[in-house]
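Colleague: Residue-level listing of the chains:
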Amino acid sequence: MENYNYTKYHPMDEIYRWMEDVERANPELVSSTIYGYTYERRNITLLKLGQNNTAGREKKVIWMDCGIHAREWIAPAFCQWFVKEIVNSYKTNEKLEQMLQNLDIYVTPVINVDGYIFTWTNNSNRLWRKSRSQSLPNSTCYGVDLNRNFKANWGTIGVSFDSCENTYCGESAGSEPEAQAVMDFVGAMVNQTLCFLTIHSAGQLILLPYGHPEISAPNYNELVSVDPNSGSSRDWARLIGIPFSYTFELRDKGKFGHLLPENQIQLACEEAYVGALSIITYVHEKAFNNSIVSNSAATTVKHFTLASGIAMMIWSTIMAVFVATGFI
Amino acid sequence: MFPLWLRLYLSRDKSRTLRPKSLRVWKPIPAQHRSFCSHFLHYFLSHCPQNEVFSEEEGAEDVMATGELNPNHYPAQRAAKVVQHYLTTRYGSPYRLFGLQRVHSGNAEDVGDSGRKYQLEIAVHEIISNTTQKCSAEVFFPHGQKQESPQVQASCEELLNISTKAQEEALYQQYKMNQTLISAQNLPDSHGHIEPDTKPLWHLGIVASSFIMLKESNENTLYNMAQVANITQLATENDQLKFDCHTLLHDMVSQVNTHNYELLDALENGRKSKLFP
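Here the protein sequences line up with chains A and B, keeping their order.
Counted from 1, the first sequence has number 286 at position 299 by this note's numbering; the numbering is strictly sequential.
Going from the second sequence to this note's numbering is simple: count from 1 and add 7.
The hints are simulated quantities; they were obtained by calculation from the structure and are not laboratory data.
We put the beta carbon where it would ideally sit given N, CA and C, even for glycine.
Incorrect hints may appear among the rest.
[Unchecked claim] Pairs of lysine-lysine residues, derived as DSS-like cross-links and limited to a Cα-Cα distance of at most 25 Å, are as follows: (1) A:242 / B:222; (2) A:46 / A:78; (3) A:-5 / A:46; (4) A:-5 / B:206; (5) B:172 / A:242; (6) A:46 / A:82; (7) A:242 / B:206; (8) A:78 / A:242; (9) A:242 / B:141.
[To be verified] Some chain A residues flagged as far from chain B (calculated, every beta-carbon gap over 12 Å): (10) -10; (11) -1; (12) 176.
Let the sequences and hints guide you as you build the complete structure.
Modeller: Given below as structure tokens:
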């Protein structure tokens, strides 16, 4: 694990091996779970980051998934980066250690394993987006847009019913094993789940689910819709009652799009890490310390080095929204 | 991805600038529509039903925002992206490319039944010199039965301050004098990498694609060029440089990728200072 290069993109077999290595090297913090199987029968694996809670309090849950869209390589890279940062800093960061005693952070580096592997096969498959399922035996087209397959106003807005299209939503809500695996696993712990983060790329914005007030994030590119994005995991999470549900869209805005150069992985991940950790810290404070929102946020943010001013602006904008809406 | 075949003609003329002179596009039509077109690989766009090649987003908003727009929301952002494509077609070159930095403000109004007009204040980023400047722009999206190109007017502060002539001239000479015809694929590659000596070809692909992206844009699209799949120099007998170019375009809204085939003429950079009409 020490030799693992987090500023390169890794094929799936290396990511599987990395997960084993991380778990083996950090048994007191990391444990893995296979919580489903893809269409092509591959493991859907997550890493749970958390420590024993000495006070015996019920642990709350943070969910993070990456790679729901196969071509967004920066997303799995970020999930790996995130785990690496937590593992490398929790022993020397008191606040983080405290949070890990109260929270379990479930990280799935690659949900759409079949699709991700497909994008590695050759250049012409690099921009594949969907899963690799085949609905009908003699169908010529493969795959479902997994982020249109969740049970949240499935099949209404922004989808296609054509199996050849990139936003094909599947035969029915939850028809795809990958989406169903998430819904089953998270659904079973919905009461403990504080936060649902799903990581994407090539938009550079934070998307809020329906019902939240409009917010201007600084590196905003496009807000797809303030209405429910039909069948998306983010809106499913919100609908089943997870209070904080975000889509993180990492670099870039269109110059490289999904083909983000490896020399930008570090910057993209640093930006997103600060943002993700800020949200996690906020929900932790809200759930466990119940302190005044702005004060506690300011205090906890100091514990983390802010790698970029952009992340700080994201953070402060989110805070302004929560204060303004008097969120539960 | 939309595959786009581009033929790039780079030639001398009076203004002697390394800029697109003319553009011819062939687009492969999906199999189910081929009955309308010949079965050759290349088609002229005008012969084929355009609106069936592109995937329309289902459930597109019927009621568009009018009046002052939120500059960060999609109506203003999509219109501003069109301005980016316009600026690239007008002023772009291998050494001058534009990105949309930010929308400061936007306003939209219906123009009777004929279409919708957007007025925008935006910040545009010239990527190669890494400079930013403000532009005022107007974008008109016609509403007709058939997809029609948006019409753009834009004025920017100092768009052409940095001269790129010397570099363009050098590039022209390099490609003209080469013993072998240059060719490159997958710019960028799967890992986002572009070989430095193929970067000008990537830029040429962006400029050429911008003509198509400008032409095909509407209020429900947000186009970027995803990749130059292939760009190949062709031999010419005159002063022109000629390229075949196959690019992939990505539409953020529908998430559809399309292939495009483009023919682009570009002119040699010259001694006259006036670059633009």
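Colleague: Run every hint past the structure and note whether it holds.
Modeller: Checked hints:
Taking the CA atoms of residue 242 (chain A) and residue 222 (chain B), the gap is about 19 Å. The hint holds against a cut of 25 Å. For a cut-off of 25 Å, the pair hint linking residue 46 (chain A) to residue 78 (chain A) stands: about 19 Å separates their Cα positions. Restraint check for residue -5 (chain A) and residue 46 (chain A): not satisfied, since their Cα atoms lie roughly 34 Å apart, outside the 25 Å limit. Of the supplied pair hints, the one linking residue -5 (chain A) and residue 206 (chain B) holds, its CA atoms being roughly 21 Å apart against a limit of 25 Å.
Only pairs whose Cα atoms come within 25 Å are accepted, and residue 172 (chain B) paired with residue 242 (chain A) is accepted, the gap being roughly 23 Å. Between residue 46 (chain A) and residue 82 (chain A), the direct Cα distance comes to roughly 16 Å. Compliance with the 25 Å bound is thereby established for this hinted pair. A hinted pair counts as satisfied when its Cα atoms are at most 25 Å apart, and residue 242 (chain A) with residue 206 (chain B) qualifies at roughly 13 Å. With a C-alpha separation of about 39 Å, the suggested pairing of residue 78 (chain A) with residue 242 (chain A) is violated against the 25 Å cut-off.
The straight-line distance between the Cα atoms of residue 242 (chain A) and residue 141 (chain B) is roughly 19 Å, inside the 25 Å bound, and the hint therefore holds. Against the 12 Å criterion, residue -10 (chain A) stays outside the reach of chain B, whose nearest CB is about 19 Å from its own CB. For residue -1 (chain A), the requirement that its beta carbon stay farther than 12 Å from each beta carbon of chain B is met, with the minimum near 14 Å. The claim that residue 176 (chain A) is not at the interface with chain B holds, since no C-beta of that chain comes within 12 Å of its own (minimum 31 Å).
Hints 3, 8, counting from the list given before, are not met by this structure.
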